[in-house]
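> Heads up: the sequence lines are chains A and B, in that order.
Going by the numbering used here, the first sequence opens with residue 1, and the numbers climb by one from there.
Going by the numbering used here, the second sequence opens with residue 1001, and the numbers climb by one from there.
Because the hints were derived from the structure by calculation, they are not lab data.
Treat each hint with caution, since some may be false.
[Stated by the list, open to error] The calculated label-pair distances, taken between Cβ atoms and stated as ranges, are:
{"no.": "1", "chain 1": "B", "residue 1": "D1030", "chain 2": "A", "residue 2": "R164", "range": "49 to 55 Å"}
{"no.": "2", "chain 1": "B", "residue 1": "D1030", "chain 2": "A", "residue 2": "A117", "range": "26 to 32 Å"}
{"no.": "3", "chain 1": "A", "residue 1": "D358", "chain 2": "B", "residue 2": "S1040", "range": "55 to 61 Å"}
{"no.": "4", "chain 1": "A", "residue 1": "A190", "chain 2": "B", "residue 2": "K1028", "range": "44 to 50 Å"}
{"no.": "5", "chain 1": "B", "residue 1": "T1014", "chain 2": "A", "residue 2": "D80", "range": "30 to 36 Å"}
{"no.": "6", "chain 1": "B", "residue 1": "E1051", "chain 2": "A", "residue 2": "E79", "range": "39 to 45 Å"}
{"no.": "7", "chain 1": "B", "residue 1": "G1055", "chain 2": "A", "residue 2": "L110", "range": "16 to 22 Å"}
[Unchecked claim] Computed far set for chain A versus chain B, every beta-carbon distance over 10 Å:
{"no.": "8", "residue": "L110"}
{"no.": "9", "residue": "E116"}
{"no.": "10", "residue": "P120"}
{"no.": "11", "residue": "D170"}
{"no.": "12", "residue": "L186"}
{"no.": "13", "residue": "G201"}
{"no.": "14", "residue": "A208"}
{"no.": "15", "residue": "L253"}
{"no.": "16", "residue": "E277"}
{"no.": "17", "residue": "Q312"}
{"no.": "18", "residue": "A368"}
Virtual Cβ for every residue (Gly too), placed ideally from N, Cα, C.
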Amino acid sequence: MTQRVAITGVGAVTPLGVGVETLVERWSAGDSGIEDGLGCCTEFEPTEHLSIKEARRADRFTQLAIVASDEALARAGWEDGPSVDPDGVGCIIGTGIGGMKTIEDQLDVLRGRGAEAVSPLAVPMMMANAASGVLAMRHGLKGECYGTVSACAAGAHAIGAGLRMVQHGDVEACVVGGSEAGITSLAQAAFEGMGATSPSGFSRPFDARRDGFVMGEGAAVLVLESEEAAKERGAEVLGYFTGYGATADAHHLTAPEPSGEGASRAIARALADAGIEPDGVDWVNAHGTSTQLNDASETKALKTALGERANQIPVSSLKSAIGHTLGAAGAVEAAATVLALRKGIAPPTVGWEERDEDCDLDYVPGEARTLESSGRPLCAISNSFGFGGHNAVLCLEAA
Amino acid sequence: MATANKEQIEERMTEALVSFGAEKDQIKRDANWESLDVDSLDLVELAQIVEEEYGVKMKEEDMKEMKTVGDAVDFVAERAKS
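Excised from the complex, chain A in its bound form (with noise of 0.2 Å):
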């Protein structure tokens, strides 16, 4: 038998300010955080929350799940540490990068000054899975830690393994989510290379007018526990994760598949792992990069999926208020839909005003719409998509 998963914890830090109920309370308010055509996280200041020594160890993609770590922990009320046995609490923590600034910093430091002067914290601070061990050993998490790297679905991946390793007793809870920090001159030239990203600098998801996607950073981790232990310790269930489904395009390194079939499958899949039915869904938390082939394309997965439901129901995208923040974005999309379904309503996607005809579905247009609700939870579910035809789609219920 599979363990109900329930949510205990949850914290982030993106564009919109340092915490989750910031960040949801903004975005319901049609708030941006993209300024210049970047989505950075201007009102985070590493040293406000870490020690010299820590912040100077850290990328910054790590000093952002620290934080976001933090937060979440202690809405767990696990401030000092998991108070159920550590060697039953996994740690998964997705990236599309890792620690790009330490990696662009170091070569510099190569080609100016030579091998012998790279510094010893490259390694420690660059490597994709740094996120994971040191929120590892902030917290004293002894389970099964990792991190996964698949692009803008990581942080979605990250928590479809750990809602698995939960389901499954491999561990009784596990700290889960996705950091980036991403804005850097390499990466910027390298995505704005290849044409993803917007040469206007809005990011408007779904809208006749959009023309790619816009840069964020950010990083949100969640604390999931089997819901029997979480009740057991009389903590505070904000919402559960009850599906799961994961596929790949197989189709190109970058562009989606144009019918948006891999991403139906795992929308399919999530569905039928949750045991609903389509019309058990109440809302849509987009993966809406605003690049002309992503909105189309998940626009038809959506319907391919959901059928007639699709017409019927809100769909959103956050990074019309964040940007795309990459590795984080399925996390931090996450995390906003788990607080979103507690005030059961569908945040906008800011700034939307014209409609394609590749994507002919409800938006949200303007300001936030309460959810109509059936007698039972609400659900949602979160999609995330990334380069490399990764497809990794959550269901999430409400409390």
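Based on the hints, put chain B in the right spot on chain A.
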């Protein structure tokens, strides 16, 4: 390459250790690395600074012998002169 006396070397090392996160008022000649929360990664960084500024190589086996700030200062001072 700077020639330097013990005092200057200690001052420079203190500055480096503070930048690594050690508490300045705890950095004394007889302070050992554990008490300053200085680990092997910090020592490699310290060795890089020492080599760049004084031309003195601190090898891994040398560092194993150094237990305190004073040990490191003396090691560098002795070799920086020659």
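> Can you list which hints this structure breaks, lowest number first?
9, 10
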